[in-house]
Amino acid sequence: MSGIMIAVILLGLLALVFGAILGFAAVKFKVEGNPLADQVEALLPQTQCGQCGYPGCRPYAEAIVGGDKVNKCPPGGVATMEKIAELMGVEPEPLSATTEQQVKKVAYIREDECIGCTKCIQACPVDAIVGAGKLMHTVIAQDCTGCDLCVEPCPVDCIDMIPVTQDLRSWNWKLSAIPVTQLEEEKPC
Amino acid sequence: MLTLLEQLDKGTLWKIPGGIHPPEMKSLSNASSIARLPLFDEYLLPLPQVGEQASLAVSVGEQVLKGQSLTRGAGHSYLPVHAPTSGTVIAIEPRPSNHASALPVLTLVLKSDGKDDWCTLEGANSDGANTKSVSSEGVNAEKVDIASLSRELILSRIQQAGIAGMGGAAFPSHIKLSPASEIELVIVNGVECEPYITADDRLMREHADDIIAGLEIIHKLLAPKRLIIAIEDNKPAAAEAMGAALNRSHLPAGTARVTQIPTKYPSGGEKQLIQIITGKEVPSGAIPAQLGIVVHNVGTLFAIRDAVVFGKPLIERVVTVTGNTVSKPGNYWVPIGTRVTDVLTYCDFQSEPSQKIIMGGPMMGYALPESKVPILKGSNCILVPASDEIGEMPAEKPCIRCGECAVACPASLLPQQLFWHAKAEEYDKAESYNLKDCIECGCCSYVCPSDIPLVEYYRVAKAAIRHDAEEKRKAERAKVRFEARIARLEEEKNAREAKAREAAEKRKASMVGNEKDAIAAALARVQAKKAAKDDGAVSGVAADGAGAGASVGLSAAVSAGVNNTAATPADAATTAADPKAGVAAAIARAKAKKAAAQAEAGESSAQDQASTDMAAERSTEARADVNPEPSAAQDPKKAAIAAAVARAKAKKAAAQGLSSASDAQTSDAPAIDQAIETGAEDSASNNSDENNANAAATVTPEGKEDPKKAAIAAAVARAKAKKAAKAAQNDGVDAPAADTQDNADAAEKNVTDIAESAGTDGAESAGTDAKASETLTPADAKKAAVAAAVAKAKAKKAAQAQAQASNLQQAEDNEHSSSQRDAQLAQSDNAAEAADVSEIADIDVSNVSNVPDAADGAVAENAAPQADQAQDAEQDSKKARIATAVAKAKAKKAAREQE
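Top line first, the protein sequences correspond to chains H and A. Everything in the first sequence is counted per our numbering, starting at 97 for the first residue and increasing by one. Everything in the second sequence is counted per our numbering, starting at 677 for the first residue and increasing by one.
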């Protein structure tokens, strides 16, 4: 009888000790937020375009963790979708967007047509448009994510989305396996 | 164990891993001396060649001289671009670049004029022609004493000469020559390990002394312990020439030596050469300067010597033109910017089908897709091989994992693993195999039995990795900016809310304060009124009494009144004091009016007309108050209207003075005085308005001018009226009266402009837009109510003077009321007596506008008990407006009845 009592007490004490340790660990090593969402967000292109239907990349990352589809990011393209699918352990799906939508673009304001309404400035998710009321606006091409969000609000349709051209730095050996030759007429000198 | 320096002196050599021994093919071009090319028609100068920031110093159509700098820049790594010959800039446009992609880059097109005129060379001690002969023929002319030049001057000359590393990488030399750390060893790279190329070989043979002179400059700059000239042992002539030149040099004995290294590809790579000479390996991601070592190409030394001694910019270089499809292979001084096609044409290039034009050597060079591209500072060879020399690459076969490539790799990498991952596009894994340390020497491809173009794969992988890194960086940046924007929007929203809250609190506070002040002021007014009545109609104390009453009520009111009367612009008229001042002024006016009416006794018509005018004016003012425009815009208008009122009063007073009999003089003068005082008070209220506007600091640009003008005009009017009043008091009847009238007229003229420009606008817009007004501030509503009360009081007085109780004529009402509602209200008002009318108006006003002032004003007149009702009624500008309109309509009616 006493043996049983000892065992019960001993086990009870052990349970208390481990419970205390677990309780302490739960407080001390608490993980804020969802680390998986952070990982997904790191894979997203951060264009903040909202084409996925969420207001920004972070909400979409959280939605993916919450079980949303992984193929809703046109700017990220197939590569991003595949990476996210791999991370989430789901089957890759064909992108919801056309290939045309995946071409990287940069907004360009035709400056002499700009009336200075500041609507595009308000629409830009990354503050990449500079200008003031009744003054001409312009896009900081470096910071433009090509999200398209400024095109719609423009009352005079003076914003173009221009595909990013390659320069010597961004040139990819593989992409231009057949070198482009400029055909031009011989100029009379 | 020997130290490194001892081993360097001994000429100890270390082995590098890997390496190959391809056929050298150097005899094709190394037989003849370096030749000059004729001037070609066109030169292409990509802008900028080295360094990103530069601005153009020339424009299209400009004439440039040989050696003239075409760009300006200030950056640390900036190198200018110089004109290779004299001529005209005919275009600055994108042209195909000397790059494997031939992507167009901004290029300056220079059309040669055939004269090849040098510009004045800065710091040259010989004239241009002489310099030219020196550089081209290698004649050893007199030199600038290098020792006399400062370190900074030498470095700036090297930079301004646009000297970049001529071994191929084109890294700015002045940066290499001003390292942060101590340099112990300078290695001169004369290895030239790549097959076919003999440019450095010929340069060393023919210009050994000049190269050594360049080495002396470097020795002066860096003061290294040792200078090693490394030359492959397949160039004995060059080694001999360099050794001889070294012996003739002024370098300290024992510091410099020529070391022959065994022929092996790629011994000429910077890191490989360092390893061969010193046995040290440059760590991954580090630069040789961190080991205290700097490597310079012999061509760079030659250019440095030209730049420092003669001030001659880097505008030409030795280029090997070789291959079996040119009949005149050899080395040439090629101006930088010369088109490849021009050089090849000069060398009798016979193109074969599917001819490759290779820029650089056969191992590391790249095929040009376009031959109309310029020679750059780093272009050392144009190779145009026949198909039997370098044919098409055989088809790629599967990797057999033989490991030959790993043996051949001079960087000790695992090329087959890199290939594996690069092909599978697993770039992160390729990176983990140190892909970035690949020097793209091509040894692995050369030895591969499966003919796999391994280097191509690595280049693709490197480009992709670079691209990914760039994307990642951009994404990171976009995220930061997005988050910053969110934070900013949040901040703005909070700031807006805080502001709104603050404003609401302020409003509340001022409202509470106002009520108390208003009651006190009202009491004061009642007392003043009583006192005035006691004193009799003639006393000029009215205005004073009002002021005194106010002082009884609240000291703030007094100070406001005093300040306003004194027209001090710096008056801190608070929202609380402002309405009070207005009220006081209104009361003063009312009293003056009454006194005038009493003095007049019989001559009612003028007075009637005047009171009618006044009433109308008041109404206008009231309407202006209800004007839906922002308060700041309202104030100037109000001020103008008030000024107009003042004018009207002064005029009336003058008219009274004129028409009155001489026995009434004593009573007339004070009347005028009072009227003028009233005007002064009005002006005071104008001032307070203006101050208010100023304090609000929200005056529109148009609004800014008007209140100022109104204030000035009002001040002028006031001053004149005062003078006139004094004159009237002191002097006889007729003259002073006329004087007064004159003055008043003058005052009128002064005010007319403002009254018309601002007042009429305000009145009109108020009339038409009255209905839209929903956004009034409490102060405005209050003022409106006050004005309405004043109007009522006047109307009442007029009615009393008439002493007739007549029914209201609805038709007339309709005529004069601007809105339907006005008319309805007026119609519903059935009171026969004007007193009743004013009473009802009082109720209206006090009910709707919560302004005790207004009610009290009424109390002062007829002690209406309805004042109590004023307290808790909601502030509704619309109602205030209605009440005003009613008052106005009544005043009009009364006036008509008088007529």
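Keep in mind the hints are simulated off the structure, nothing from the lab. None of the values given here were measured: they were computed from a predicted structure. For glycine and all other residues, C-beta sits at the position ideal for the given N, C-alpha and C. Accuracy of the hints is not assured; some may be wrong.
Said to hold, decoys possible - 27 Å max Cα-Cα, derived BS3-like pairs, lysine-lysine: (1) A:K1150 - A:K1105; (2) A:K1150 - H:K168; (3) H:K200 - A:K686; (4) A:K1150 - H:K200.
To be verified - For each label pair, taking beta carbons as the anchor points, the in silico distance ranges come out as: (5) H:G212 - A:A962: 48 to 54 Å; (6) H:E187 - A:S1027: 50 to 56 Å; (7) H:K124 - A:A962: 39 to 45 Å; (8) H:P190 - A:T1021: 51 to 57 Å; (9) H:D253 - A:R1142: 55 to 61 Å; (10) H:E187 - A:P959: 42 to 48 Å; (11) H:D263 - A:G930: 33 to 39 Å; (12) A:A1163 - H:G162: 20 to 26 Å; (13) H:G185 - A:E1181: 44 to 50 Å; (14) H:V174 - A:I766: 31 to 37 Å; (15) H:G162 - A:M1187: 36 to 42 Å; (16) H:K124 - A:A1163: 53 to 59 Å; (17) H:V247 - A:A1163: 24 to 30 Å.
Of all the hints numbered above, which does this structure not satisfy? Sort the numbers upward. Going through the list in order, the structure violates hints 3, 9, 11, 13, 14, 15, 16 and respects the others.
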